[in-house]
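Chemist: Assemble the whole structure, with the sequences as input and the hints as a guide.
Those letters in the sequence shown? Residues -21 to -1, 1 to 374, per mature numbering (1 follows the signal peptide of the UniProt record, and there is no 0), in order.
By construction, these hints were calculated from the structure, which means they are not laboratory data.
There may be inaccurate statements among the hints.
List time: in silico SDA-like cross-link candidates among lysine to any residue, alpha-carbon distance up to 25 Å [what the hints assert, rightly or not]:
| id | residue 1 | residue 2 |
| --- | --- | --- |
| 1 | K244 | N324 |
| 2 | K127 | I2 |
| 3 | K169 | K344 |
| 4 | K180 | K275 |
| 5 | K275 | G226 |
| 6 | K291 | Q179 |
| 7 | K55 | L287 |
| 8 | K202 | L287 |
| 9 | K48 | K211 |
| 10 | K48 | N247 |
| 11 | K211 | D303 |
| 12 | K101 | I81 |
| 13 | K55 | N247 |
| 14 | K341 | P356 |
| 15 | K180 | K244 |
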Amino acid sequence: MKGKLGAFILVFFLVTNSCMGEIEKKCLTITSPKQLKHNYDCVILNFGSPQYEQTTVIGNVIYPKVNTKACKDFSKFNISFKSKPGELPTFLLVDRGDCLFISKEWNAQIAGAPAVVIADDKDEPLITMSFEDSRHESASIPSMIITKTLGDGIKKALLNGKMRVEYELWTDINSDCGTKCDKQIEFVNKFKRAAKLLEQKGYTRFTPHYPIWYCPAAFTLTKQCKSQCINKGRYCAPDPNQDFSKGYDGKDVVIENLGQLCLFKVANESGMPWVWWDYVTEFGNRCSMKELKFNKECADQVIQSLDLHIVKIDECMGDDLNADVENPILSAEQDAQLNKGSRGNVTIIPTLIINNKIYKGKLEKGGALKGICEGLPVNKKPDICSNHEKGQESD
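Modeler: See below:
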């Protein structure tokens, strides 16, 4: 399931044959967590022919991380809400707006959700609603509208549940530094499959980062700063081969760093942040420094091959990288490197940070996967974690 799994929210859903659009008293009962424990009214929206006369179904609520209004087919995001044998059914919480209620119910149903709960998008009391010619004979799951207040409360409980692991990977895209760079590239290639799966299923939220330093004001006009920095010394990276007279410059690395950060931003806004892994592995394979292909032309070819919005990425990067102005994306990277509570500054590259704690183990697929899986509740670990613990996880 792709979503913010959060706290375990146990609900009892009273399924009735009430007229569509009518307010049903106490049709939703939340028993956990404690702060939401109550009986709630809702507006019944069964568009098709529910499989039940009047009964109660029990399940666990989740709120998807992408497609939160359920206006698109969830299969486009590789998402399924079908429960495994022995698991509680998954009730899907989605937001009102942008498409018809029937579209939300249908998209939830074909994704495997046994019920859908639609949170109102305005702070207003529930009202009886009129629907004409809205029947959908293929729709069979129960659906309802709840107030925005209740919807926000459920989302907050999910957020506070901390059942999703958040992690950062600080890397150096320099591919011309010998064994260190080779091992870093190897890790990204081997971890890609697991990282994408965990992100797509909603178990993790990943953020890539790159080390960016600045040139002291007194040295911005020196050859070293000019070759390693953009935006008048504001954003710099070390010369890839420590030779200012040949090869690629540090500023080439900064520009590609910026491109990858913007790519992640655009992909994340499109609901597909995991595409970053596809890009960096493909860029590493096709645009290496050793083959003299480490440039924007090669990067653009990779972006186009992944069907990403290249115009938005370019707009994010900005027009003039030599201008005496700040770049908000790169400034944010510099800020992210600084001491964050008990975490400390990021000074070693590569660095993996899991739930705001620096991972101390060897940076390899098995160790990283173990560290992430340990951050998930025992009863919510995906198969990839269980298989790894049993030694059955393959590359």
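Chemist: Taking the hints in turn, state whether each one holds.
Modeler: Against the structure, the hints come out as follows:
1. K244 <-> N324: holds, 23 Å
2. K127 <-> I2: holds, 15 Å
3. K169 <-> K344: Roughly 6 Å separates the two Cα atoms, so the pair holds.
4. K180 <-> K275: violated, 32 Å
5. K275 <-> G226: Roughly 16 Å between the alpha carbons, so the hint for K275 and G226 holds.
6. K291 <-> Q179: It holds: about 23 Å lies between the C-alpha atoms, which stays within 25 Å.
7. K55 <-> L287: The given pair, whose Cα atoms are some 15 Å apart, holds under the 25 Å limit.
8. K202 <-> L287: Distance ~36 Å between K202 and L287 Cα, so the pair is violated.
9. K48 <-> K211: Violated, at about 44 Å.
10. K48 <-> N247: holds, 16 Å
11. K211 <-> D303: It holds: about 5 Å lies between the C-alpha atoms, which stays within 25 Å.
12. K101 <-> I81: Since the Cα atoms of K101 and I81 sit roughly 19 Å apart, the hinted pair holds (cutoff 25 Å).
13. K55 <-> N247: holds, 15 Å
14. K341 <-> P356: Given pair K341, P356 holds - Cα atoms ~23 Å apart, limit 25 Å.
15. K180 <-> K244: Holds. K180 to K244 sits at ~19 Å (cutoff 25 Å).
The structure shown violates the earlier hints numbered 4, 8 and 9.
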